[in-house]
Structure formats: structure tokens, C-alpha cells
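Q: In case you want the letters, here they are:
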Amino acid sequence: MLNKSALSALALMVAAPVAQAADFEFWYGNTGTGEEAIQSACTAFNESQSEHRVSCVGQGSYETGMQKAIAAYRSQQHPVLIQFFDAGTLDLMLSGAVLPVQDVAPDVDWGDYINGARSFYETSTGELFSQPYNGSTLIFYGNRELLAQAGVDELPQTWEGVIEAARVLKDAGIDCPFTTDAHPWRVLEQFSARHGLSIASRNNGYGGLDAEYTFNTGPVAEHLQNLAAWRDEGLVKLDADTAAGKYTTAFNSGECAMMEGSTGSYGAAFAALGDKVEIAMAPMYEGYDRHNTLIGGASIWVMKGHDEPSYNGARAFLDFLRGDAQQIEFTRITGYVPVTNSGLAALEAAGLSGDPQFATAGVGVESLNQPASEDSRGVRLGFYVQFRDIFMEETQKAFTGGQDMQAALDAAAARGNDLLRRFEQTYEGTKLP
Amino acid sequence: MKQEIFRSRWLPWWLSAPQLIVLFLFFYLPIALAFFWAFHLEQPFGGRSEFVGLENFRRVLGSGEFWSSAGATLLYMVLASGTSILTALILALAADRALKLSPLARNVFIWPKAVASASIGVIFVFILNPFLGILAPLNEIWPGFWNPRTNVTHTYIMLFVTNVWNAIPFTFIILLAGLQAIPQELHKAGAMDGSGPWRRLWDIQLPLLTPQLFVVIVLEVADSLSGSFGLIDTMTNGGPGGATNLLVYKIYSDGFKAYDLSGAATQTVILMALVACITGFQYVFLERKVNYDR
Chain A
1 MLNKSALSAL
11 ALMVAAPVAQ
21 AADFEFWYGN
31 TGTGEEAIQS
41 ACTAFNESQS
51 EHRVSCVGQG
61 SYETGMQKAI
71 AAYRSQQHPV
81 LIQFFDAGTL
91 DLMLSGAVLP
101 VQDVAPDVDW
111 GDYINGARSF
121 YETSTGELFS
131 QPYNGSTLIF
141 YGNRELLAQA
151 GVDELPQTWE
161 GVIEAARVLK
171 DAGIDCPFTT
181 DAHPWRVLEQ
191 FSARHGLSIA
201 SRNNGYGGLD
211 AEYTFNTGPV
221 AEHLQNLAAW
231 RDEGLVKLDA
241 DTAAGKYTTA
251 FNSGECAMME
261 GSTGSYGAAF
271 AALGDKVEIA
281 MAPMYEGYDR
291 HNTLIGGASI
301 WVMKGHDEPS
311 YNGARAFLDF
321 LRGDAQQIEF
331 TRITGYVPVT
341 NSGLAALEAA
351 GLSGDPQFAT
361 AGVGVESLNQ
371 PASEDSRGVR
381 LGFYVQFRDI
391 FMEETQKAFT
401 GGQDMQAALD
411 AAAARGNDLL
421 RRFEQTYEGT
431 KLP
Chain B
1 MKQEIFRSRW
11 LPWWLSAPQL
21 IVLFLFFYLP
31 IALAFFWAFH
41 LEQPFGGRSE
51 FVGLENFRRV
61 LGSGEFWSSA
71 GATLLYMVLA
81 SGTSILTALI
91 LALAADRALK
101 LSPLARNVFI
111 WPKAVASASI
121 GVIFVFILNP
131 FLGILAPLNE
141 IWPGFWNPRT
151 NVTHTYIMLF
161 VTNVWNAIPF
171 TFIILLAGLQ
181 AIPQELHKAG
191 AMDGSGPWRR
201 LWDIQLPLLT
211 PQLFVVIVLE
221 VADSLSGSFG
231 LIDTMTNGGP
241 GGATNLLVYK
251 IYSDGFKAYD
261 LSGAATQTVI
271 LMALVACITG
281 FQYVFLERKV
291 NYDR
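Those protein sequences? They're chains A and B, same order as listed. Going by our numbering, the first residue of the first sequence is number 1, and it counts up by one from there. Going by our numbering, the first residue of the second sequence is number 1, and it counts up by one from there.
Next up, chain B with everything else stripped away, as it sits in the complex (with noise of 0.2 angstroms):
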């Protein structure tokens, strides 16, 4: 094949300039003006803005809020990202098998991807009515068996389902893919060396599915911290009593609601370092474990 050479210093500028202009419009310049604000105290409609160094740290990291929002964003972030993952890897080593179903079921389980998380909160809400939704019937014979508008337990747990239910397309195209890639002769080999189902799930298809499980596990844990605000947006709006608040509706609700645009903009420089710090975290550390040989 003929190798071209493009001699201009300029084109490959231009060519990605695009790209460039978008990320600068739309990543880097927020990201240099939280950090601006972070050090100033802003006033709603422009006007004055004062340097004020480290105060809004000292104010946002002293106030019990932001600790116990920060404490349970990362609850959330494990339970989410746990129970999504782990579903998503139930159905798709149901789907991997040769069952007669499974074909249609590859199909049906990526549908959900196409719905906005805003509409599956929408949607859920509807369902888990405590008075009109599915466990409605369960409330007339226990009265207060599940009320996801005052019980915080219940609101975690529609949070966790509705999460899941978005969550599962991707992860599970992902992971399934891996599954399929697995060569059958090493399931053969397997069978003809004695071993059923469960061992060959553990000594075959784990080990060998981690590089896939690494990608959704970064993936969905960053997507639980910051993905979460389309449903608690439209199903808690972090009640009750402020119990799921997480920091990216906080960081809203500061910023927008109440116009503290310095004290959001802190706390998004304080969420940007925790999502690197945990990315950092598992590429260091759970990247080792993961076996690309096949």
C-alpha cells in the first residue's frame, strides 16, 4: 500500500479542531470555571465576585451536609454498581447458554438502553406508586409495607431497581460479547475432563470475561456517580429528608436552585478528584488482576 505524507504542520489541526472546539466549549472551559469559582465567592446575577482562597473548602468540608451526601453517594456508587453488574452477569451467562430462547433474549435485553433514564424514573415512579403501582395490593393488606415516599430503606431500593433495569443493556451486551468470545473448545475440554456448569463458570469464564468486567465495572461506577441525577431528579428529588441527596443533585440544587454557584462549583472540583481518584484507584489496582491472554 501506497504510504501517504501530509507535509502541512497545519492539517492535522485543523482536522481535529472540531473535536478541539467542542471540548474545550464544553469540557475544559466549566471545568477552569469551577475551579475559578471554587476560590470566589460569586454573586448570583454577576455583579461582585470576591477572592476568598480556600474559604467555600473550609465551608462546604465543615458542613455535615456534604458528608453525609458524600457518604452516601459512595453507598450508592457500590450498591448500584454492584447490583447492575452482578444482574447483567446473571442474564448474560443465562443468555450465553444454548437454550432454545436465547437468541430473542440477546434482542430483548438491549431495549432498555433506548429509554432516557428521566423517563425510566418517570416510569418507575408510576410502577412503584405505593398506592396505585404494582406492591399497591401488598399495602392494603399491610398497611406501610412499602411507601418509597417516606421510608428511606424503600427509596433506596427503588432507586437500586430502576438503576438496574437502565444499567443492564449496556453492561450485559458488553459482558455477553465476552462470553461468546470465549472459544468452545475450552468448555469441550472442560466437559470431556469431567467438570460440569459451576466449575467451568469458575476455572473458564470468569477469568477469562475480566477484561470485560474491568470495562464495566470502571464504566458503571463512574456512571453511578454521575448518572444517577435523571432519576433522582424525577423520583426523590433527594428527600426524603434529603436522605438521597447525592452530590451530583446536590451540586445542582446548590448551584441552581439555591445560587450558591460557588459552593456547587466547589463541590465539583471535590466530586471531579473523587471520580479520578477512583478510576486511578482501579486501574492500579484491579487492572492488575485482569487476564487479556486468552
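Bound conformation, chain A alone (with noise of 0.2 angstroms):
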């Protein structure tokens, strides 16, 4: 039989949260560079003051720290504030585990951050759901010293050009010329948002519940399959066709001469290569007219079920956060992007913009303020972060030849629309925020 201390002991261990109120966590998912960046923030912000305390816990990736979430939230043991990423935006804003983050700080002047940025995150009434953190989006990145053992100067903007430089490359005995992952993130999502395409109806889901996936033809498809028949011809290298089995890694250690990718992997691409690094907008299919790239990385959600000195030190710590210093040394570290207007402007009158160690934040931003269209917003779509799984599967069995492209793309839009379907009946008579 468990005796009175045991127990009592017990007590104490589940109580112990709540006694010390100004006592907080955060729980994030970056690791690396990201990781690095995230506890010195938290450092500084428990440094610079005495009243709260926030307990910053990395729980290796954004979907191991989600899974925690609910398990914790179902349980009562969650934490205050969490940061998630993008993929999971409408699960979260109808999981009623969560408060609006405008409700939680009213008096913040949300408007400041930047329009990418925002219509990601906002509700159709225009009002912020999560606060922006980590910032990135798409963009292309080149290897100069490789590029100029083939005779290439300068990235190329169009996709066309982009095959042209790596058949030279390739010529010039250059076994990886250009490399991605095929992540539906970079090869859907971005891909669509800047050629002003969707990849469900109800632009993206922002209409309602009841949108399909329609990426499966028309530009998206051709894409995918040039991706495939340039892969075949040896010009692109996915993840497990290169040496160091990541395409970043690939990029990072001088296999790969060009390669897509966030502007989160930069720190991490110029603290391996120096200025050997070369950054440009994302490539373009000639003939489209250019749009925003979305914001990519995550946001910080606060959420329910704590006293009110845990939301005091919540809303200090994501006042912290939000300052211009504080952003100014994340992109530093880790080339994710400055999220307000006010920040980018305290970078420019650093002087800072042009030097390398933040040439993202110039070519991110500029990527993410292109022209806007109702389909380049974000992606509203519910089990998206599974859709994502589902739509890497069935293009991997493409890629090794289980099926051919437009079959795998078929397949995918009709399991994504299962998904759909089945959110829709799970939050059956939940309106869209």
C-alpha cells in the first residue's frame, strides 16, 4: 500500500508548477543552431530581469514537442507557451487548447508585423493567432566557388536557367549540381504561393472547411515531374541520392553547388562555407509573374489552462522576444528572418543589411513582401502536418520508380482530401476562426 508521504510526496511533484508562479515554460523543437539561439534568448530574458522565470525545454522537433503537447494537455502538464510550426496552424487554432495571442496581450501593436507574416497566422477577422517567431521562407542558395569552376557568375532566377547552369556544372565534372529534399513545403507550398497558385480550393482552405487539393495538375505536376526527369538525368540529388544522406548537409559540406532551402539553414550553410555562400530569391518558371514566398519556421502559441502570474511572465517573455535587439541577434544567429517592420528598420540603421551574416534578412524579406495574391497567404488546411507525410511518400515511390509522377500526385491529393473530409467531420459544427 502506498503510505501518507509517498503520496503526499507526489502531490508536491504535480503541485510544484503552479506554486511558483512566475515560474513558466517554453517548449520549441529546433535543434542546432536554432536550439543554440532559442536558449540564449531565454538566458538573456532571465537575466534581464527578476520577476519571471522561464524554463526553455528543446524537445527535438517541432512534431515530437506537438505529440508532447497533447499528451500534456490532456493531461494538465502542459506548458504556457509552445512554439509549433507552420503546417499545424489550423490544428491548433481549433484544438480549444489555445488563446488567441492578441486576446492574451490586447495592447501590443500587432499591425507591426510584416503582411507574410501575418496573413499566415491571422484569423479571418484579421487577428493574430500566434505570435511570429522564427521566421523564414524559401530561397535559393549557391556554392561560388563551385558555380565558378563551371563558369557560372550569378544564380539563376528562372528554373530554366537553374538546369541550364547544372548541365554545365555537370559537365565540369560537378556530380551534384543542384539538390533539394522535395519537401512539400519547398516543392508545393512555396513553389504555388509564388507562381500564384493554390494547392486546395477555398484559396488554401482560408474559405472553409470543405476545400479539396487540386495541385495535382497543372504547373505543380509538370514541376514534380521535370524534378523527376532531371533527377533521372543526373542533375538533382535528393536526400538519399547524396553522400551525406541530407540535402543540407550535402549543400553545407560542398557536394551540391546549388540547393533550395529555408532561410533558417543559412546559419548553418555560412558558418560551414563563409562567404562562399551565394543567396537569391527562389527560382522562377518563365512566364510567371512573381508573388510572395509564405512564411515558413514557427510561432509561438500561448496556451490555456494557467493562472494569470504564468500569462504575466508569458506576455513579458514574448514582449522580450519580440524586441529588435532580440531579433537582430536571432537572425544573426541563425538566418531566420526579422518578423516586424520595426525590427528590419532597427537593422537597417545598424547598417547591418549588407553585411553577410545577414544577407537574409534583405533576400528573405524581400521574397516574402512580393506582390500577394488570395492563394499566397499560407496554407489553412486541417492534418496538414500529415498531408505532408502522405505527399512525401507517394512522391518518393515516384522517385524510385514504384509509380509514375502524376499517379503518385493523384494518389496523394486523394488521401489529402480523406484527411480533409475526416477533420472536417472531426471538427464538425466548428467555425473557422
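Check the hints yourself; a few may be wrong.
With a cut-off of at most 25 angstroms between alpha-carbon atoms, the simulated BS3-like pairs for lysine-lysine come out as follows [claimed, not checked]: (1) A:Lys246 x A:Lys170; (2) A:Lys246 x B:Lys188; (3) B:Lys257 x A:Lys68; (4) B:Lys100 x B:Lys113; (5) A:Lys276 x A:Lys246; (6) B:Lys257 x B:Lys188; (7) B:Lys113 x A:Lys304; (8) A:Lys276 x A:Lys170; (9) A:Lys304 x A:Lys68.
Don't read these hints as lab results, they were simulated from the structure.
Join these two chains into a complex; the hints should help.
A: Pasting the structure below:
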């Protein structure tokens, strides 16, 4: 039988987080340079004041963080703040487990956030649900030294140009001209947004839960068929084709000459390759007008069910992270871009915009600020995290020769639509905020 | 010997309570929850849970992925348990003979048991890496000779090799113990009657080893259904293209990565039924052939 002292010890352990109200938790998913930047921000916050104390807990990945948050929320052990990535936006909005950040901190000038960051995380009435944090977007990377070996002086701006350069690089003996992991964030979402296309009806789900996937016909399908053909030609390498086993590592180690990647990968690339790295906006197909790319990375959500002192701490921490100095420091370490206009202005004013360490701020924000369309606001689709896995699984079958690309995309769309219908049913009667 | 009689009706319950509590918390309660969720549509963060009858089963059984995953699971079950039992049997037969180094071999073969399957997965991913591993030189000569990252057949070979390495110790110990328990007189009598080692293997050793073989088949088959998780999670993540997305991994990724608690619970119920059927089948049909008499 459990004795009384053991029971009370157990009760103390459970009650501990509530007892010291100024202590609160923040869960994040980044690893590597992103994690270093987050931890140093947490330390800086704790040193900057004595009233509140944040403990920042790394969960290993965004997905793991969400899994643990779900389990923790169900047992009422969840943190006050959790960082979660773009793909989970609608799942969290409808979860009933979060408070809109704009309600928690109504006095903040939320209009200061750049449009590309706002549109992804705001409701139909223009209210921000979460605070954009590590904002990234898709850009194009080149290894100056490898490109110069083949006589390619400038990063190509179009896919036609990319492939022409890739052929030249291949002939010059560079085994891996261009690398990508063909992740849907890169080849589907960012591709569609900047070409002014939608991936699903109802403006990517912004119009309602009854949206359906539409990407399997048209330019996205052509692009993926091109990628498969280019891969067969030896011009494009996916993760599994590279010696490094991962496209970013393959680029950073000098195995590959070009890659499409997040601005968040810039910190590691710059650390590995120094000024050999050059970046530009992601390439377009000829004949399309350029639209904005989507904000990637992650935002911070406020979870329900905590007491007021914890929320006070959370507000102070969110204010601290939003500050210009913190945003500039975060950009310096990681390559994530500043997400507020004042942060950008401060970066400019400090004369840092020409510094190669801050190169992503210029290119990334320029890409985010291209003309918007109704379909380049973001992705507002349910169970989207799972859809990304499905998209990867089906297209991988096509890349490894199990089925052709069109069949893969049709299958991905069909399976995706099943998910959307189930999401609709799971949240039946819930209105899109 | 003096026989003690415990009068208290509660004492047996008190004594077995720790085990019962653990069983209840970690086995019966999750199973009950799985059954509950299988008939409900559950929101990930709690909130609302709606009774949907057999809707989840209709959805799961109507999806192509479930059936391809179930097919891959059965294929894996047969090949993984087959290869590991056969390898262990050959090694046990070899170690049982009076060879010079067999005491050493009996010891060495047991070591891999001490390594967790996830660790073995990580190690073998490196050993079998197409660019850096032991087969990399062959890839240099014949490009594409070995690539478990993209070639489904290679991926399965990689899993089987790793699984065999992982499963040998336990199976080996049981089979070797069985072989050693066979009386020497039988061997001697057989040898005096002029039968060679092969003859004695078929007529004496294997028939007398059937109880141990039965045990390892039951255990290995059940283990290949659930124990493959560690290997798949560290080696393939269900890829390439979902080819190694066995049921046990699919349940995990549907439930935890995709927040589909209802679908995952439904598949758990189906997998449980499958394991129960297969084990029951083995007891009903295989055990008849087991010879317990010596």
C-alpha cells in the first residue's frame, strides 16, 4: 500500500509548477543553431529581469513537441507557451487548447508584423492567433566556388536557368549540381505561392473547412515531373542520393553546388562555407509573375488553463522576443528573418543589411514582400502535418520508380482529401476563426 | 514438510496486487481505451469525442494503405522470423558439436542480446550506408549496386540482416539448450547403427528439438509483429515511399505524428486481433506436431 508520505510527495511534485507562479515553461522544437539561439534568448530574458523565470525545454523537433503537448494537455501538464510550425496552424486554431495571442496581449501593436507573417497566422477578421517567432522563407543557395569552376557567375533566377547551369556544372565534373529534399514545403507550398497558384480550393482552405486539394494538375505536377526527369539525368539529387544523406548537409559540405532551402538553413551554411555561400530568391518558371513566398519556421502559441501570474510571465517573454535587439540577434545566429517592420528598420539603421551574416534578412523579406495573391496568404488545411508525410511518401514512390509521378500526385491528393473530410468531421460544427 | 495454510482471503490479493496494478495500468487500461477510441472520433487535444460506431473500421479497412501495410507486415513476419530462426538453428547446431571453439562461440553469440534494437538499427544504418559503409566500395565499381535508401528490396534485406543479428541470441540460447538436453546415448546408438551426422540431424535432433522450435516460432512471430518498431524507426521511418510502413509503425505515425487517435486505436485493435489469431493458430495446428516425450 502506498503510504501517506509517498502520496504527499507525489502531490507536491504535481503541484510544484503551480506553486511558483512566476516560473513558466516554453517548449520549442528546433535543434542545432536554432536551439542555440533560443536558449541564449531564454538566458538573456532571465538575466534581464528578476520577476519571471522561463525554462525553455527543447523537444527535439516540432512534431515531437506537438505530440508531447497533446499528451500533456490531456493530463493538464502542458506549458504556457509552445512553439509550433506553420503546418499545424489550423490544427491548433481549432484545438480548443490555445488562446489567441492578440487576446492575451491586446495592447501590443500587432500591425507591426510584416504582412507575409501576419497572413499565415491571422484569423479571417485579421486577429493574430500566435506570435510569429522564427520566421523563414524559401530561398535559393549557391556555392560560389563550385559555380565558378563551371563558369557560372550568377545564381539563376528561373528554373530554365537552373537546369542550364546544372548541365554546365555536370559537364564540369560536379557530381551534384542541385539538391532538394522535394519536401512539400519547398516543391509544393512555396512553389505554388510564388507562382500565384493554389494547392487547394477555397484559397488553400482560408474560405472554409470544405476545401479540396487541386495541386495534382497544372504547374506543380509539371514541376515534379521535371524534377523526376532531371534526377534521372543526374542534375538533381534528393536526400537519399547524396553521400551526406541530407540535402542541407550535402550543400554545406561542398558536395552540391546549388540548393533550395529555408533561410533558417543559412546560419549553418554560412558557418560551414563562409562567404562562398550566395543566396537569391527562389527560381520561377518563365512566363509567371512573381508573388510572395510564405512565411515558414514557427510561431509561439499561448496555451489555455494557466493562472494569471504565468500569463504575465508569458506576456513579458513574448514582448522580450519581439524586441528589435532580440530579433537581430536571432537573425545573426540562425538566418531566420526579422518578422516586424521595426525589427527590419533597426537592422537597417544599425547598418547591418549589407553584412553577409545578415544576408537572409534582405533576400528573405524581399521574397516575403512580393505582390500577394488570395492564394499566397498561407495554408489553412486540417491534418496538414500528416498530409506532408503522405505527399513525401507518394512522391518518393515515384522517385524510386514504384509509380509514375502523375499517379503519385493523384494518390496524394485523394488521400489528402480523405484527411480533409475527416478533419471536417472531427471538428463538425466548429467555425473557422 | 509442514504445510502452511493461509486463512486470510485477502492475502493472495495483497500479494499479487503489485503485479495486478501494473498489468491493469499498462495493459488492460490502454486496451480498454483503444477499444473506446476505435468506436469514437476523437479530437487530438481532448475536447469532443463523438461516437461513430463502425465508421473508423470502415475507413481503415477501406484504405489501400492499410492493406499494403498489412501485406508488408505479414511478409515481414514470415521472412524475418524465418531467417532469424534458421540462422540461429544453424549456429546452435554448429555450436552443439564437439568442436574446439564451441564453448567460446556459445558465449559470444549471446552478447548481441544486450543491445537495444534501436541501437542496433543506428549501428547498422551506418554499417550498411551506401556511401560510407562496408558495401560502399562495391557501389564505386557498380553504381547503384546497393542503396537501401531508395531500393525497396535492399531496404528489406537491410532490415532482415539487422533483425537476424538482433534476434539470434535469444533463439540461439533456447535452441542450444534444447540440443544439449538430447541424451548422448541416442547419438551414440545412432552412430553405432551407421547413421551419419545428417541422418542423425533429421531423425534424432530435429524431432527432439520440436518443443524448443515451437517456443521460438511463437515468440519470434509475435516479436516480428511488434518488435520491428525500433528497427524501422531508426533505419527507414517507414520508407522508401511507405514500403516498410509496417502496421506497428503505421499505428505510431498515424496516432502520434498525424493526431489520428481514432484511426490508430482502430488499427491497434485489428493488430491485436491478428496477433491473437496467429498465436492461436500456432497453438492449435503447430503444437500437434510437437514431441514432448524424450
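Q: Work down the list of hints and note, for each, if the structure agrees.
A: Results for each hint:
1. This hinted pair checks out: Lys246 of chain A and Lys170 of chain A have alpha carbons roughly 20 angstroms apart, not beyond 25 angstroms.
2. The straight-line distance between the Cα atoms of Lys246 of chain A and Lys188 of chain B is roughly 61 angstroms, outside the 25 angstroms bound, and the hint therefore fails.
3. For a cut-off of 25 angstroms, the pair hint linking Lys257 of chain B to Lys68 of chain A stands: about 11 angstroms separates their Cα positions.
4. In summary, the hint linking Lys100 of chain B to Lys113 of chain B is supported, as the alpha carbons are separated by about 24 angstroms, within the 25 angstroms threshold.
5. Of the supplied pair hints, the one linking Lys276 of chain A and Lys246 of chain A holds, its CA atoms being roughly 20 angstroms apart against a limit of 25 angstroms.
6. With a C-alpha separation of about 60 angstroms, the suggested pair Lys257 of chain B and Lys188 of chain B falls outside the 25 angstroms cut-off, and the hint is violated.
7. For the hint linking Lys113 of chain B to Lys304 of chain A, the alpha-carbon distance of about 46 angstroms lies beyond 25 angstroms, and the restraint is violated.
8. Between Lys276 of chain A and Lys170 of chain A, the direct Cα distance comes to roughly 19 angstroms. Compliance with the 25 angstroms bound is thereby established for this hinted pair.
9. For the hint linking Lys304 of chain A to Lys68 of chain A, the alpha-carbon distance of about 15 angstroms falls within 25 angstroms, and the restraint holds.
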